[in-house]
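Chemist: Residue numbers (the working numbering), protein chains in the order written: chain S, 89 to 350; chain F, 273 to 646.
Please keep in mind that the hints were generated in silico from the structure rather than gathered at the bench. All values derive from a computational prediction rather than experimental measurement. Don't be surprised by glycine CBs; every beta carbon is placed ideally from N, CA and C. Incorrect hints may have been included.
Said to hold, decoys possible - Keeping only pairs whose Cα atoms sit at most 30 Å apart, straight-line, the calculated BS3-like set for lysine-lysine is:
| id | chain 1 | residue 1 | chain 2 | residue 2 |
| --- | --- | --- | --- | --- |
| 1 | S | Lys102 | F | Lys548 |
| 2 | F | Lys485 | S | Lys163 |
| 3 | S | Lys102 | S | Lys156 |
| 4 | S | Lys102 | S | Lys91 |
| 5 | S | Lys303 | S | Lys91 |
| 6 | S | Lys303 | S | Lys163 |
| 7 | S | Lys91 | S | Lys156 |
| 8 | F | Lys485 | S | Lys156 |
| 9 | F | Lys548 | S | Lys133 |
| 10 | S | Lys102 | S | Lys133 |
Claimed, not checked - Only part of the chain S face toward chain F is listed, based on derived beta-carbon distances under 7 Å:
| id | residue |
| --- | --- |
| 11 | Pro140 |
| 12 | Phe177 |
| 13 | Gly213 |
| 14 | Ala215 |
| 15 | Trp240 |
To be verified - Derived DEER-like restraints, expressed as beta-carbon distance ranges:
| id | chain 1 | residue 1 | chain 2 | residue 2 | range |
| --- | --- | --- | --- | --- | --- |
| 16 | S | Asp245 | F | Asn502 | 34 to 40 Å |
| 17 | F | Leu470 | S | Val243 | 53 to 59 Å |
| 18 | S | Gly213 | F | Arg306 | 21 to 27 Å |
| 19 | S | Glu247 | F | Ala469 | 51 to 57 Å |
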Amino acid sequence: MIKASNLSVRLAGKQVLHGVNIEAAAGQLTAIVGPNGSGKTTSLKAIAGELPYDGTVNINGHDIATLKPWQLALKRAVLPQSTVISFPFTVREIVRMGLSVGAKAGADETDRIAREALEAVDLSGFAGRFYQELSGGEQQRVQLARALCQIWDPVQDGEPAFLLLDEPVSSLDIRHQLTIMRLARNFCARGGGVIAVMHDLNLTAMFADRMIMMKSGRVRAAGHPNEVMTDGVMEAVFGCAMRVNATPAGSVPFVLPHTALG
Amino acid sequence: MPHSEMAAGDSQSRSFAARLKSEWLLGDRSRLARLVIVALILATAAMFAASIMTGAADASLGNVLRWLFGVEGAEQALSVRDRIIILDIRLPRAVMGLLVGASLAVSGAIMQGLFRNPLADPALVGISSGASLGAVLTIVLGSSLLGALFAVFGFYALPVAAFLGCLVTTLLLYRIATRSGQTSVATMLLAGIALAALANAVTGVLIFVADDKQLRDLTFWGLGSLAGANWTKIFSAAPIILVSLAVVPFLARGLNALTLGEAAAFHMGIPVQRLKNIAIVSVAALTGASVAVSGGIGFVGIVVPHVLRLIIGPDHRYLLPASALLGGTLLIFADMVARTIVPPAELPIGIITAFVGAPFFLWILLRGRSHMGL
């Protein structure tokens, strides 16, 4: 369970978050959505512990401010938006960096995990390629494989581990968007937790258990996508009158830009 | 050799090469890296021996080794003159070449990891100038204003002062070029030019006010060569260099993570601020100590790690020790060339490293522009 209470963050003298409360349970995919500049990524960075913040962030009951970096690294892994590297690392070398945290596994074990992580992000056969020569979407998936390796077991010593993903599908084609979202769901199904900053509302509605809608540094709505994605919330948050629909087969809400009025 | 045996040996060596190649294709260069390190250890030993034997006075390796290891009767095989040449001239030069070359290459590799850029080099970004300033300050003001420094540190005063000059410059440069975890290469290189100019200007003023004896000391010190190598200098710099080199392996994992960015390194459990502090102090100690004993020798810190990255990859667990070995070997070699190419005169070693290094630097620049954010 990740519990961020009353988070406030100032960046370059500007108040970016105003007392945000975010909860993410193990076994659930929690998505943070909202317009550009609403504080989604800032919230995720504060939860990851990489920004100075007011308020508290707890992971499984431990205040992250009291944890050492390596202890934190065993409880959560983070996928940043994009990672530029100026040295010629191979894909395998990058992915294996995720395995250098915590207890040392044997060489065969690390090899197996690295291979399976690459398979999970649909990059089998890419191990020998140079990271710098991959496309943006491929680089993003390599970084996800690296983060996965860091918390390969979703439950460690009886505690759930958390994946923090900052726009994990932003530069992916539609097939790989589904691959990655399914991977995140699978991580939850095996007992871990996921917090993902998302832009695509429909993809989020399909996969998220909880949706946190932010605007101007505050949480405007939180709950099941069915409760959050309503005509009223859409207009209040995005300033754009749109009609929310539901898929015929079930209750997954979706919204098309075509329905925007004016 | 029987035919079958030869075939067996042949297939074995082919399978080893095949294994290396298949690992390379899978992106695993760790076995290759270990192999390269072993080869470099042998090369360093060979170069060291060659350097002791090469020069105007002949000395066979066998005789030298027998004498150095105290084998009975070996002393007679060498003349007194040869023994003095080897013990007091060639041996300290080779030892100093090894220490200074290793220091420069390793501090280059650490800086490049720290700044997340393959173009960072102590000599290029003004850090060596900071070290020079520290050294010149002690030479010129050591008898007056900075007398206390000599009183406290004795003959370590010069390397300590160079270390402090280096530390201040590195900290300044890092503060200027890095903002919220991102290093701007352009700012780093330009700020390096400004800091070097400033340090050189102050050095110039000091030289201007120096008296004749100090000028003599300065000239001998500033040649940028190993010509002045002697055991006193080695004993003054070696402790600093050896302690720093012993710390360096512990930085490897952190520097690897840092290549993904400061935030990502923190996510992976690295105490980033502590890593940066230790890295900066190590760079300052290594550069400072080597500048103090040999003046500024450029380009070793940029060429050596770059060549190695092309072969064994950028993993600092292998890159740092390999850099130390190749740096030492190269500097001993450059020194051999420097003192034998125009006998009986000597070329300053900085000329040789610049002749090789400067075109190489330009080549890196042209080849890798797209990867370096330039």
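Chemist: All hints, please: hold or fail.
Modeler: Here is what the structure says about each hint:
1. Lys102(S) with Lys548(F): holds (28 Å)
2. Lys485(F) with Lys163(S): The hint is violated at about 64 Å.
3. Lys102(S) with Lys156(S): holds (28 Å)
4. Lys102(S) with Lys91(S): It holds: about 24 Å lies between the C-alpha atoms, which stays within 30 Å.
5. Lys303(S) with Lys91(S): holds (19 Å)
6. Lys303(S) with Lys163(S): holds (28 Å)
7. Lys91(S) with Lys156(S): Holds: Lys91(S) and Lys156(S) sit about 18 Å apart, inside 30 Å.
8. Lys485(F) with Lys156(S): Violated - the C-alpha atoms of Lys156(S) and Lys485(F) are around 55 Å apart, more than 30 Å.
9. Lys548(F) with Lys133(S): holds (21 Å)
10. Lys102(S) with Lys133(S): holds (16 Å)
11. Pro140: violated (11 Å)
12. Phe177: holds (6 Å)
13. Gly213: violated (9 Å)
14. Ala215: holds (4 Å)
15. Trp240: Since chain F brings no Cβ nearer than about 14 Å to Trp240(S), farther than 7 Å, the hint is violated.
16. Asp245(S) with Asn502(F): 34 to 40 Å: Hint violated: Cβ distance 59 Å, outside 34 to 40 Å.
17. Leu470(F) with Val243(S): 53 to 59 Å: With Cβ atoms ~57 Å apart, the hint holds.
18. Gly213(S) with Arg306(F): 21 to 27 Å: Given a distance of about 26 Å, which is inside 21 to 27 Å, the answer is holds.
19. Glu247(S) with Ala469(F): 51 to 57 Å: Holds: the Cβ-Cβ distance is about 55 Å, inside 51 to 57 Å.
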